[in-house]
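Chain order of the listed sequences is A and B.
FYI, the numbering for the first sequence is 227 to 528, going by this note's numbering.
FYI, the numbering for the second sequence is 4 to 598, going by this note's numbering.
Do not take every clue at face value.
[Claimed, not checked] Distance condition first, Cα-Cα at most 30 Å in a straight line; then the derived DSSO-like pairs of lysine-lysine:
hint, chain 1, residue 1, chain 2, residue 2
1, B, K212, B, K188
2, B, K369, A, K487
3, A, K487, B, K271
4, B, K512, A, K379
5, A, K487, B, K460
6, B, K345, A, K379
7, A, K379, B, K426
[Stated by the list, open to error] From chain A, some residues computed to sit far from chain B (all C-beta separations above 12 Å):
hint, residue
8, K379
9, Q434
10, V436
11, D523
Just so you know, these hints were derived from the structure itself, not from any lab.
We put the CB at the ideal spot given by N, CA and C, even for glycine.
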Amino acid sequence: MADIGAVVTAEHVSPWVDAWRKFRRHKLAVASSIALLTIIVAVIVGPWLWPVSINDIDFTARLQPPSRAHPFGTDDLGQDLLARMIYGGRISLAVGLAAMLVAIIVGVIIGAIAGISRGSVDTALMWVTDLFLSLPQLPLLLLIIYLFRDALKDVFGVEMGVFILIVVVIGGLRWMPVARLVRAQFLSLREKEFVEAAQALGASKTRQVVRHILPNAMGPVIVAATIDVAAAIIAESTLSFLGLGFPPDIPTWGRLLFDAKDFLDYAPHWALFPGAAIFITVLAINFIGDGLRDTFDPRRVL
Amino acid sequence: MNETEIHGMVADVKEGKLSRRGFMQRLAAFGVAAPTAWHILDFHGVAQAQSLTAYKPTKAGGGGPLKILLWQAPTLLNPHFAIGTKDQEGSRVFYEPLAGWDNEGNLVPFLAAEIPSRENGAVSADGLSVTWKLKPNVKWHDGKPFTADDCLFTAAYAADPATAATTIGTYKDIKVEKINDLTIKITFEKPTPFWADAFVGAAGMILPKHVFEPFKGAASRDAPANLKPVGTSAYKFIDFKPGDILRGERNPDYHIANQPHFDTVEVKGGGDAVSAARAVIQTGEFDYAWNMQVEDEILLRMERGGRGKAIPVSSGNIEFIMLNTTDPWTEVDGERSSVKTKHPSLTDPAVRQAINLLIDRESVQKFIYGRGGKATANFVNAPPRYVSPNMKYEFSIDKANKILDDAGWVRGSDGIRAKGGTKLKYVYQTSINAPRQKNQAIVKQAAQRAGIDIELKSVTASVFFSSDVANPDTYSKFYCDIQMYTTTMLQPDPERFMLQLVSWEIANKENKWQGRNISRYSSKEADDAFREAQNSLDPARRTALFIRMNDIFCGENILVPVLARTRMAASSNNLVVQPSGWDLDLWMLNAWFRP
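Chain A on its own, in the form it takes in the complex:
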C-alpha cells in the first residue's frame, strides 16, 4: 500500500494548486481579483492613511473638483468625498458580501434538499420557492422593517441593527433563483454514473450530496453568487432611497450616488467616483465568478 502511495505522490498535484493553475489561465479573473483586493484593502486601511472626518462641513469648499486637499473632490456641503467613499465602501462591501452569503446558503440548502429528495418534500419546497418568488417585495420589506427595526436597533445599535436587517432582508429575498439552479443541477447529477457508483459503494445520502453532487453543482451557484453581490449593493441603495436603509448621514456608495444625481452636469466627480467604485466592484466580482466557474469545472482539463 505504501509503495503505491509513493508512486501516486510523485504525480500528485494538490487540488488547490490545480485550481490555482486553472484560475491563473483566466487573465481577466486574475486582474479582477487584484482590483477587488485593492478596493478591499483600501477601505480597510484607508481611514489610517486618510484621517479626514467624513462629516466635516465646510461651506467654503463646496462642490470642489479633485485637488490635493480633496483627492476625490467635495460634495455640496464641502465634505471630503474620499473619506466618505472609504467609510461607505466598508458598509457597501460588507452588505454585498454578507447578503450574498445569506442568499447562497439558504438557496443551496433548500435547492439541495429539494433536488435529492423525491416526491412530496421536493414539491413542497418548490412551492415555497414559488411563493417567495411571487411575494411583492416592497410591501414585505416595509412590513419587516416596521416590525423589527426598533427591536434590532435597541439590541445592536443603529448601524449594526440596520446592517443585520438589510442583510437578512436582501439575502432572504434573493435565494430563490439559487435554489432553483441547485435543484436543476441535482436532478441531472444524481442520475450520473459516479453518484450511482458511490451509492453502490454504500455512501449515505448525506455523503453523496456533500462529497459528490454538491462540488459538481457549484459552478452555476458561484456565478449566481457574484450577481447577488452586485444586486445587494444596489438593493441597499434602493432601501436608502426609500428611507428604510441606513440613516441618511451614513455615506454608503448608493447614498452618495443618490445625493449626487441632481448635480451630475456640473459636479460630475461627485457621482463618478462612487459610480466607478460600484461598477468596478461588481464587474470584478463577476469576472472572478467566471474564473472560479472554469476552475471548479471538473470536465475542464489543462
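Take the given structure of chain A and dock chain B to it, following the hints.
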C-alpha cells in the same frame, strides 16, 4: 408699534388727515408691508384699492397651446374631494370661486360682481354676515346660467357629512341664504373677523347644481363629473387620465373679455421636481412647472441656459423644527408621545434653548435654499403685520455649551452630555428631500460639538405626510424627539394656521392623530389668546393676540423656526403668469399670456 397707535392712524385716515398712501407708508416704516394693511383699513370701513393685473392681449385665443407640468399629478377633478394641492390645481383649471387671493393678500373677484367690504355695506358691522353679489350672464360650460342656487348647492353639498368633502370645515358652520338670483348672504354663528373663507380661493370653487344634484351625500363619489368637470372657467374640459394628463380647450363664452389667450391647455404629471425644472428651464419642453423643491444652486445653473426662470413667490409657509416635550419612547394607553408623559431631557428649557442656538439658519439659507427661503425666528412670517418683532435668532455653539454647562449637563467620557443618568441623545426625523437631509447634517454636526448626540432618520414623504393611523412614522404621530417639516399657511389670515398652537387640537389617539397641534405643547395663555382673537372684530387687538401666541411657542423653543419659505415655480421666459402666494398656482390661469 402698538395697537393704540394703529387705531390713532386709522382714525386719521377716516377723517382725511392722513391719506391711504400715507397710512401704508407709516405702517411700512414699522415693518408692516403696505398691501397687507388693507385688512386693517377694511375693518374700519375704509375703501381698499383693487390690485389689477396687466393683461395685454386684445382678443381671446390665438396663443396656441399652453403646457403645464404638475409633477405630482391630479388624480381627481372635484375641488371638494381634493387630497392635497395637486387635485385643487387640476380642478381650478375648470372651476372658479367667487374670489381669489392675489399675491398681496387682496381679494380679486371671479364669479362675484364686486368684493364685499364694510364700506359698500356687504360686510355687516357686527361681523355676523356678509353679502356677495354675483356676476350676471355667466354660463357653465354646458350653456346653463350660473346663479345663486349653485352657490347654495355647493355649500350644502360640502357641508353634508355624507358627501365626505375635504372642505367640510369651511362650510359646516355657516348659513347661506338666497336674496335673489344674483345675491347670496352668508350668516355666521359668532362674530367672524375672517369672513373671506367660504366661496373664496382653493376651498371656494363652485360646482354646478344641475350636474351634481343627483350625487349629493352618500352617492357623491359616483358622480361622472368628478372626473369630467363642467365649470365656468376660461378652459373647457377635453379629457383626463388620472395621475397622467389633463387637457382643456378655450371656452369661447368666457365671462371676462379678451380672455383666455391660449387655445388649449395641457397639464401633465409625472417625474420629480428636478426633472420638471429641467423640462421648463433647461430644455423648454413645457411652459410652467410648480413646486420646485430643488436646491437653488441647481436652479441658478439651469437658468443660465436662458430658456426659463424660477419664480419665487413669498408665502406664509414655514420650515421649522419641533421639539417634543412628551416622551416618544414610552407607550401609555396605546400611544407614544402622549401628553400624559414627560420627555426626560427636552422638558428642560435650557436644553431647548441650547438646541435653538445650534441651528445655523444663515448657512442653511445661503447654501441650501437660496431664494427658496429666508432665515427667521418666527413661526408666523406673513402677512407682515402678524410678524412678531420680539423674537431673535442666533447661531453660537459656545453659548449653547455654556447654557448646558450652567444647567448641569456634564460631558461624559464619550463626549455626550448627561445629567442623572439621562443622556442628551435624540432621534431627529424629517421627510426625504435633499435640502432637508442637508439641513439635518448641519444641525447634527453643530449638536455634536455641543455634546448632543443626534441620530438622523428620514421617512419617505408619502408616508411621513400621510394620515395613515396604523403607521408610526407619520409627522402627526411624532414618535421621535425632534422633527422638521414645512407647514403651509393657506390664507392671508393666521386664524386657521394658529390652530396648531391650541390645546384642544393636540394630536392624539382619540382624534386619530388628526389634531393640528403636533408639538403637543399647550399653554393656557395661548388658548385664551386664540379664543379671544377668533371673535375679536378689532384687527389691531387680533394682531397683538396672534403675535403673543407666536412668542409663547417660539420663546419656549417648542417650535424652532428655520426658514420662511417662498413658493418656487418655474416658467418659460416667454410666458407671463400671475403668481400668488395666497392662492393656487393656477388661480388666475385665465390671465396668463405670451407677450
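Comparing the hints with the structure gives:
A threshold of 30 Å between alpha carbons decides the hint, and for B:K212 with B:K188 the separation of about 18 Å falls inside it, so the pair holds. For the proposed pair B:K369 and A:K487, the alpha carbon gap of about 21 Å is at most 30 Å, so the pair holds. The suggested pairing of A:K487 with B:K271 holds, with an alpha-carbon distance near 23 Å, which does not exceed 30 Å. Taking the CA atoms of B:K512 and A:K379, the gap is near 25 Å; set against the 30 Å cutoff, the hint holds.
Pair hint A:K487 plus B:K460 holds up; C-alpha atoms about 21 Å apart against a cutoff of 30 Å. Pair hint B:K345 plus A:K379 holds up; C-alpha atoms about 23 Å apart against a cutoff of 30 Å. Of the supplied pair hints, the one linking A:K379 and B:K426 holds, its CA atoms being roughly 17 Å apart against a limit of 30 Å. Against the 12 Å criterion, A:K379 falls within the reach of chain B, whose nearest CB is about 9 Å from its own CB.
The Cβ of A:Q434 lies farther than 12 Å from every Cβ of chain B, with a closest approach of about 50 Å, so its non-interface assignment holds. With a cut of 12 Å on Cβ distances, A:V436 stays outside the contact zone with chain B, its closest approach being about 45 Å. With a cut of 12 Å on Cβ distances, A:D523 stays outside the contact zone with chain B, its closest approach being about 46 Å.
Against the hints set out earlier in the document, a violation occurs for number 8 only.
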